[in-house]
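Enquirer: Residue-level listing of the chains:
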Amino acid sequence: MKIIKSKGPEIFDIELEKDLLAKNKSLARKNRKRFDSSNILAIDIMGSIGSGKTSLIKAVLRKLRMGTKVAVIAGDLTTTIDAERIKTEGARVIQVNTGKECHLDANLIRQAVDKMKLAGVEVLFIENVGNLICPGEFPLGAHKRLVVTSVTEGPYTLMKHPYIFREADIIVLNKIDLAKAMRVNPSRLERDAYRINPQAPFIKANALKGIGIPKLIEALGLES
Amino acid sequence: MHEFSIADEIVKNVLETAKKNKGKKVVSILLEIGELTHLNGEQVSFWIKELFKDSVAEGAEVKIKTVKARIQCKGCGYKGGMGSDQEDSFRHLIPASCPRCNSFQIKIEKGRECILRRIQVLK
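If you're matching them up, the sequences are chains D and W in order.
Here the first sequence is numbered in our numbering, starting from -6 and rising by one per residue.
Here the second sequence is numbered in our numbering, starting from 135 and rising by one per residue.
Keep in mind that the hints were calculated from the coordinates and are not lab data.
One should not assume that every hint holds.
Subject to a maximum C-alpha distance of 25 Å in a straight line, what follows is the list of computed DSS-like cross-link-like pairs (lysine-lysine) [to be verified]:
1. D:K93 <-> W:K146
2. D:K16 <-> W:K153
3. D:K23 <-> D:K108
4. W:K159 <-> W:K199
5. D:K93 <-> W:K183
6. D:K80 <-> D:K110
7. D:K11 <-> W:K257
8. D:K11 <-> W:K156
Cβ-to-Cβ under 8 Å is the rule here; a few derived chain W residues that face chain D [said to hold, decoys possible]:
9. S139
10. I140
11. I144
12. N147
Covered stretches of chain W, as calculated for chain D (at least 3 residues, CB under 8 Å) [to be verified]:
13. 155 to 161
14. 243 to 256
Cβ atoms here follow ideal geometry from the backbone N, Cα and C, with glycine treated the same way.
Let the hints inform the model, and build the full structure from the sequences given.
Expert: Now the structure itself:
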């Protein structure tokens, strides 16, 4: 901190270099180191409200059959609905309630991990708060970031929210069985995804029926 | 959308710094916000001013400097802005590719920060 006296006898300039977003990034790096040292693969799952993040996690857990080798951090504003839903698949679950906050941040994940018993855990799913804007700006330290969107969100979601899709390692288009009823062309969304993020695999899925789940498991580097 | 929480963090930092430096009043603060963040300067400024109320910083001027994006292309080695032919306000909506070779293999070097750069206090 540098203090410069200026403009008359009483006004002082205090020079700082406080990056308010950097704080989250450095905490995220610490989380990553912690996951690495415990040999845990951490996956951040982002997507809008009702896109099917919880259903997708459930479908992956059902296919993996890894029991308590999988842990899930379920982020939401106030309820434990998602945590209860996931518990039925046999994974360890901890609920993180953000209150009014629109995204999880690295500090919340650090606290959640402190509370969890991670011994024996190989995969950690972190379900972010349903939101396509803010989570993109707050890395949590996960190895992979997955963005879930669904045809029921209409035909423009990807082009309207390129930022978060650009951050994604994998993009899942859920509820493809409803494409016709929604008059949404999945190929067009796939093309949008390619324009925004050509590196990310684009997986068409129907989480409730288990369609696309083997592909997703493969893209995540998990064996079923 | 998370302007409020960022504003809250900024206000905490400003008030702590003012106290540490025995400032009786905060005259102004300077923020640098990258154009690739999803932070709306006007909203950030509004919340800061609201949160400054009833503190030594009430009424302080909130100056915001926008930091232009700077990228480095892994394909052709280009270093610089993201291309000036795109409309400023929508630049972050355009898939970021190199303005010289159109490669998507780019590294964003600047434009994603939110820095509290300067606080002016009255002693």
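Enquirer: For the hint on N147 of chain W, just tell me whether its beta-carbon gets within less than 8 Å of chain D.
Expert: holds (6 Å)
Enquirer: Does the structure keep K11 of chain D and K257 of chain W at a Cα separation of 25 Å or less?
Expert: holds (22 Å)
Enquirer: Please count how many residues of the segment 155 to 161 of chain W have a CB within 8 Å of a CB from chain D and say whether that reaches 3.
Expert: Our answer is that it holds, as 3 residues pass the Cβ test (under 8 Å) against chain D, meeting three.
Enquirer: Given the hint that K11 of chain D pairs with K156 of chain W, test it: the Cα-Cα distance must not exceed 25 Å.
Expert: holds (19 Å)
Enquirer: Is the Cα-Cα distance between K16 of chain D and K153 of chain W 25 Å or less?
Expert: holds (21 Å)
Enquirer: Would you check whether S139 of chain W satisfies its interface hint, that is, whether its CB is within less than 8 Å of any CB in chain D?
Expert: With a minimum Cβ separation of about 6 Å from chain D (threshold 8 Å), the hint on S139 of chain W holds.
Enquirer: Given the hinted pair K80 of chain D and K110 of chain D, is their Cα-Cα distance within 25 Å?
Expert: holds (15 Å)
Enquirer: Within a Cα-Cα threshold of 25 Å, do K159 of chain W and K199 of chain W meet the stated pairing?
Expert: holds (22 Å)
Enquirer: Would you check the hint for K23 of chain D and K108 of chain D, treating anything up to 25 Å between C-alpha atoms as holding?
Expert: holds (16 Å)
Enquirer: Keeping to a limit of 25 Å between CA atoms, is the pair of K93 of chain D and K146 of chain W held or broken?
Expert: Within the cut-off at roughly 19 Å; holds.
Enquirer: When I compare C-beta atoms, does the segment 243 to 256 of chain W have three or more residues closer than 8 Å to chain D?
Expert: n = 11 at 8 Å, threshold three: holds.
Enquirer: Next item in the hint list is I144 of chain W. Is there a CB on chain D closer than 8 Å to its CB?
Expert: holds (6 Å)
In summary, the structure agrees with every hint in the numbered list given earlier.
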